[in-house]
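Chains as they are written, first to last, in our numbering: chain A, 1 to 340; chain B, 1 to 340; chain C, 1 to 340; chain D, 1 to 340.
These are calculated hints, taken from the structure and not from any lab test.
Mixed in with the good hints there might be a few duds.
A pair holds if it fits inside one copy or across any two, identical chains being indistinguishable in the list.
Claimed, not checked - Straight-line C-alpha distance at most 16 Å; calculated EDC-like pairs for lysine to aspartate or glutamate:
| id | residue 1 | residue 2 |
| --- | --- | --- |
| 1 | Lys228 | Glu302 |
| 2 | Lys92 | Glu118 |
| 3 | Lys228 | Glu134 |
| 4 | Lys43 | Asp56 |
Listed here are the chains, written in short residue letters.
Number of protein chains: 4
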Amino acid sequence: MTSIQVGILGATGYTGVELVKLLHKHPHTSLSFVSSQTYAGSKMSEVFPELKSICDRVLLSPEDALKQDVQCVFSCLPHATSAGLCKPLVDKGIRVIDLSADFRIRDLAVYTQWYKTEHPCPELLPQAVFGLPEHYRSAIAKTNILANPGCYSSSIMLPLIPLLKEIGANIGTIIADSKSGVSGAGRGLKLGSLFVEAHENFSAYSIGRKHRHIAEIDQELSVAAGKKIAITFSPHLAPMNRGILSTIYLTGSTDGAMCLEILRKAYKNEPFIRVREPGNLPSVRDVAYTNFCDMSVTGGTEGQPVIIVSALDNLLKGASGQALQNMNIMFGFEETTALL
Amino acid sequence: MTSIQVGILGATGYTGVELVKLLHKHPHTSLSFVSSQTYAGSKMSEVFPELKSICDRVLLSPEDALKQDVQCVFSCLPHATSAGLCKPLVDKGIRVIDLSADFRIRDLAVYTQWYKTEHPCPELLPQAVFGLPEHYRSAIAKTNILANPGCYSSSIMLPLIPLLKEIGANIGTIIADSKSGVSGAGRGLKLGSLFVEAHENFSAYSIGRKHRHIAEIDQELSVAAGKKIAITFSPHLAPMNRGILSTIYLTGSTDGAMCLEILRKAYKNEPFIRVREPGNLPSVRDVAYTNFCDMSVTGGTEGQPVIIVSALDNLLKGASGQALQNMNIMFGFEETTALL
Amino acid sequence: MTSIQVGILGATGYTGVELVKLLHKHPHTSLSFVSSQTYAGSKMSEVFPELKSICDRVLLSPEDALKQDVQCVFSCLPHATSAGLCKPLVDKGIRVIDLSADFRIRDLAVYTQWYKTEHPCPELLPQAVFGLPEHYRSAIAKTNILANPGCYSSSIMLPLIPLLKEIGANIGTIIADSKSGVSGAGRGLKLGSLFVEAHENFSAYSIGRKHRHIAEIDQELSVAAGKKIAITFSPHLAPMNRGILSTIYLTGSTDGAMCLEILRKAYKNEPFIRVREPGNLPSVRDVAYTNFCDMSVTGGTEGQPVIIVSALDNLLKGASGQALQNMNIMFGFEETTALL
Amino acid sequence: MTSIQVGILGATGYTGVELVKLLHKHPHTSLSFVSSQTYAGSKMSEVFPELKSICDRVLLSPEDALKQDVQCVFSCLPHATSAGLCKPLVDKGIRVIDLSADFRIRDLAVYTQWYKTEHPCPELLPQAVFGLPEHYRSAIAKTNILANPGCYSSSIMLPLIPLLKEIGANIGTIIADSKSGVSGAGRGLKLGSLFVEAHENFSAYSIGRKHRHIAEIDQELSVAAGKKIAITFSPHLAPMNRGILSTIYLTGSTDGAMCLEILRKAYKNEPFIRVREPGNLPSVRDVAYTNFCDMSVTGGTEGQPVIIVSALDNLLKGASGQALQNMNIMFGFEETTALL
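Take these sequences, add in the hints, and give me the full structure.
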């Protein structure tokens with residue numbers, strides 16, 4: 001099998017580093033460039049000594065990166081910036097996997113409402129595919145512009161989409177209480193990301209439909225349910241580097257055993273979804289440093305809500321691992337390559 | 001003001017150590033004994049070098065401890081064991097503060113259902129007082145046998161009792177999603193309490209009305225609401241030593257602003273309850289190593305549930321700090337002594 | 001006993017917050033002001049919600065702070081800045097406790113060499129006293145300008161000063177391998193202080209006589225030994241909030257048993273120094289949140305070096321606790337007030 | 001290339017789990033069995049849910065494991081037990097990689113002195129090879145019984161062996177101050193391994209030539225230096241899951257620049273050794289979850305000792321990763337297979 005040339009825009013955040021490591025293990029890709037506005041001119045391994053002998057490439061400026069001749073580009077740029085750089089790449093026939101939120105939201109007005117800016121590239125939006133492999137695999141295989149889902153979103157949509165497709169009509173309120181490791185906040189210098197502020201701490205933030213991932217969660221859940229869903233989503237910061245655990249409550253006339261059966265059936269052939277046996281709850285430790293999403297179903301009897309617990313690594317199945325899974329699908333590689 | 005003589009049964013767990021430290025700062029108490037089945041004969045400071053020069057007393061056996069002449073005893077013994085040792089103390093006229101669950105549950109059948117054992121001392125139960133100072137202060141002042149509430153329970157009852165008293169009729173489902181530090185599991189040698197198992201991990205456990213604190217939470221919330229409450233309670237283990245944060249969802253026709261007003265009014269003169277301004281969410285770091293319980297109210301508009309976030313230190317306001325607060329009330333000391 | 005009025009300059013770093021908490025427990029002080037360049041105009045409890053109901057004072061600008069009528073000021077300002085603000089205070093007769101390095105170094109040239117700047121206030125230097133209470137107690141009692149020692153320095157000087165006084169002539173190389181929690185780096189926004197960079201990490205830095213605390217360590221050890229000492233000092237960053245553990249190696253013809261005897265004798269009446277029994281090693285957990293410094297002696301037989309292990313809380317005995325201990329001495333309060 | 005059949009004795013400790021994960025990625029091995037005394041009869045993935053779909057094999061008893069037809073066995077059993085089970089395997093022609101200490105010590109008296117027991121299998125000792133690939137590669141390729149080095153030992157021997165070979169005569173005292181993550185203590189239920197005891201803590205233990213790894217370190221360093229070495233070794237426990245950082249001090253007439261040059265030359269073609277540039281110090285984060293050992297050289301001027309800092313992942317280059325590297329050498333696979 002021939003190799004493809006790939007590049008990474010905005011490679012010096014946490015998702016970029018993970019992509020570099022994954023691509024290094026991939027037998028059918030060759031990393032042609034890594035780029036960074038801030039660190040252009042330095043070697044990747046100077047910025048991240050952990051990558052010494054893994055990736056000693058010099059970081060390009062975004063401008064130089066755009067001139068490279070590659071077949072696939074991962075964009076780890078921030079939203080609003082990312083779409084603008086994806087456009088010329090797609091125009092050149094390069095297939096782009098965008099880890100930002102720019103192509104996740106189908107409705108421009110919704111994008112503007114949540115991201116407080118005009119969409120930088122609406123003309124590309126119609127051809128973008130939402131990159132949840134377990135649910136959009138065939139569209140992913142053909143797209144030139146892939147919108148890689150958010151980390152919280154993945155942990156919530158993966159268990160809920162099959163349920164809403166089957167029994168969406170019965171479900172009332174949906175509450176997702178999610179707990180994330182600190183790498184989810186990125187590598188920026190923010191007070192709340194300081195060790196002393198986050199360690200031996202646990203805190204809630206953006207409570208009450210304030211977090212941007214709500215836009216894509218509502219969108220995808222509404223499609224699955226065939227009715228308008230407005231999720232209650234409470235993100236929390238947990239004192240760990242990686243991982244998300246979401247505890248999801250479904251009120252209404254749902255039945256735990258039936259929900260479990262639906263998830264088992266939906267995911268029985270999926271290599272990265274592990275539905276747990278009753279009584280065996282997911283935990284972050286079991287999925288950290290992997291591309292797995294684990295999930296369980298409890299409750300749903302005696303008037304109690306059904307409780308779904310899901311767990312994934314926010315940097316892998318919640319970001320770079322899922323992005324590579326999408327790349328594998330897009331280029332016809334074995335879907336689990338470099339991920340199992 | 002004269003001093004009282006106090007003792008601690010089962011002093012070598014985490015709550016015992018905290019009590020020793022608190023009593024050391026208390027100007028009106030004198031620690032007469034500490035006891036331990038396992039470590040009897042050793043100095044407290046040999047078992048806990050952190051207590052060197054704070055408490056160098058030799059640990060007594062429980063039998064010897066019962067012979068001591070004191071006015072107040074804290075029992076940090078496990079449930080089912082604790083009540084049996086409290087009885088002879090109360091009979092001698094010693095006032096007992098029991099940190100176990102033995103005297104928290106008023107209904108013997110409920111006790112047996114959750115704790116899987118006959119109650120060891122039902123004759124004392126009628127005179128026991130549930131030690132939530134903010135709600136039972138006058139009864140606490142007079143009791144000889146005080147049942148100190150559980151840690152999770154305190155974090156859930158403190159915000160909910162005033163709300164249920166006022167608007168319990170309007171409230172539908174109550175979901176408490178709680179996150180606790182590892183000290184809540186005690187000092188026993190359990191696989192799940194090992195550093196490597198809990199660090200860089202986050203996990204759910206006892207999901208689906210399985211945790212014993214449900215017994216006391218349902219009991220106290222039902223009293224407050226004047227109707228039968230069956231809470232949905234999901235405990236989680238967070239990778240930190242101390243602290244509990246509970247995110248509580250109230251469905252039904254509730255209003256966030258009204259809930260906030262009720263809490264402010266209920267707690268405006270309470271020294272250890274801090275109701276946060278809107279937009280300012282509690283966090284574990286703000287209450288760790290203190291006897292405060294912080295709480296906030298969000299949501300309750302556009303069909304969304306009201307969301308309460310509460311935080312406390314599980315070893316202080318959730319255990320030993322609250323126990324000392326109760327002792328202060330019982331013996332007529334300033335309620336905040338050694339706690340602020 | 002009458003109360004004194006005190007103020008804190010630069011109160012919004014980690015040492016300032018600790019001082020506020022300690023002063024809140026002190027029966028003979030009244031906090032007149034807290035100041036901050038960055039947060040002037042905000043309440044202290046808005047910047048640090050943990051201080052709600054503990055300190056709700058509005059932060060003054062440094063300029064306004066200097067006009068306040070107080071008897072004692074703690075300066076938590078950075079070096080080079082601090083001395084300049086201390087001067088007018090001392091001139092007004094206010095007694096100043098400076099937590100910066102500005103008055104620690106007696107030799108101006110050495111100050112300039114390590115701190116890369118001219119000393120901002122050399123005229124005050126002769127009257128400054130190095131605030132290690134166990135060794136300079138009587139001078140501390142009389143001074144108007146106290147130089148509070150560094151955190152690493154305290155952990156190294158406390159065990160070594162008595163030894164060097166007695167057997168300095170016999171000691172060859174001194175190597176201090178120190179491990180600090182992340183709060184030692186302060187509250188500034190630095191990449192290395194981010195949670196994800198420091199958690200699940202352990203790293204060495206400033207290896208090879210590069211760390212500024214060497215200046216004061218060499219100075220004080222040389223005084224004690226009566227000969228020039230040039231310590232080998234290797235600081236490390238450990239993934240914890242607080243605490244320093246120093247492992248100190250003494251080569252030369254030293255004897256472990258004799259060293260232990262010297263330390264026991266030197267510190268037998270000191271309330272905050274705990275010399276451990278042989279075989280019982282200090283740990284950070286035993287001193288965290290206290291003003292203790294624990295120390296032990298091992299080795300010194302069969303040609304092996306004597307190994308001292310010392311531990312303290314970098315924010316208390318290594319900074320604010322020691323500062324308060326110094327204040328207690330300066331103003332004739334019981335030395336352990338608010339600290340035990 | 002054909003595959004080999006491999007098995008793991010004592011697979012339910014931390015090193016066993018790591019081996020299972022590594023072997024799962026190895027294209028030329030097939031895992032024939034995993035065994036456990038305690039968990040025999042359960043699936044590996046029931047004991048470690050993280051291994052679901054990675055290794056769902058039923059754990060065999062050690063007795064059944066010995067009957068399996070394989071070419072290679074990894075023993076993760078404890079010392080004293082391990083050697084006894086390795087013997088029949090070697091007799092059957094199976095090549096054994098022993099992760100215990102049983103075959104590391106060439107001198108039976110030294111083994112007995114440190115491990116307080118007779119050697120369980122002295123007849124196999126002469127043919128055992130010490131499995132440090134960078135220094136014993138050709139012997140490793142041929143052996144049937146490989147002694148995989150200890151974790152601390154690897155971090156100390158890897159930088160020191162080349163130096164002692166070249167300039168051992170000049171080196172005086174060698175002090176290794178090592179800091180390890182908690183997984184180094186294994187998965188046993190010990191008080192010191194509890195989360196609450198180790199978290200927010202940092203402690204020294206076995207100070208003063210008490211740790212068993214001294215036996216193998218002294219042995220290998222003495223061989224390299226051509227003279228008897230008695231290292232000063234101080235292990236410490238750091239609050240992290242994985243990783244070791246060793247700070248090593250060399251007194252005597254050594255020169256930092258020369259030491260650096262020796263290490264660069266010794267390791268320039270080694271895929272898993274990364275010698276850092278001056279001023280760029282190793283850290284645990286850079287080697288965690290990899291088989292790398294990073295090292296740096298500082299100091300050695302103005303009478304100061306040369307300071308070596310080395311870092312590795314205690315479960316990979318310090319245990320299972322190195323074991324797999326050894327297997328690759330023994331069976332003629334590319335040495336980096338499944339490790340890069």
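Structure-based check of each hint:
For the identical chains of this complex, Lys228 and Glu302 are inter-copy neighbours only, at 14 Å across copies versus 27 Å inside a copy, given an alpha-carbon limit of 16 Å. For the homomeric pair Lys92 and Glu118, neither the shortest alpha-carbon distance inside one copy (24 Å) nor that between copies (59 Å) is at most 16 Å. Taking the shortest Cα distances, Lys228 and Glu134 never come within 16 Å of each other, neither inside one copy (22 Å) nor across copies (43 Å). With identical chains, the CA atoms of Lys43 and Asp56 are at most 16 Å apart within one copy only, with a shortest distance of 6 Å there and 42 Å across copies.
Violated hints, in rising order: 2, 3; the structure is consistent with all others.
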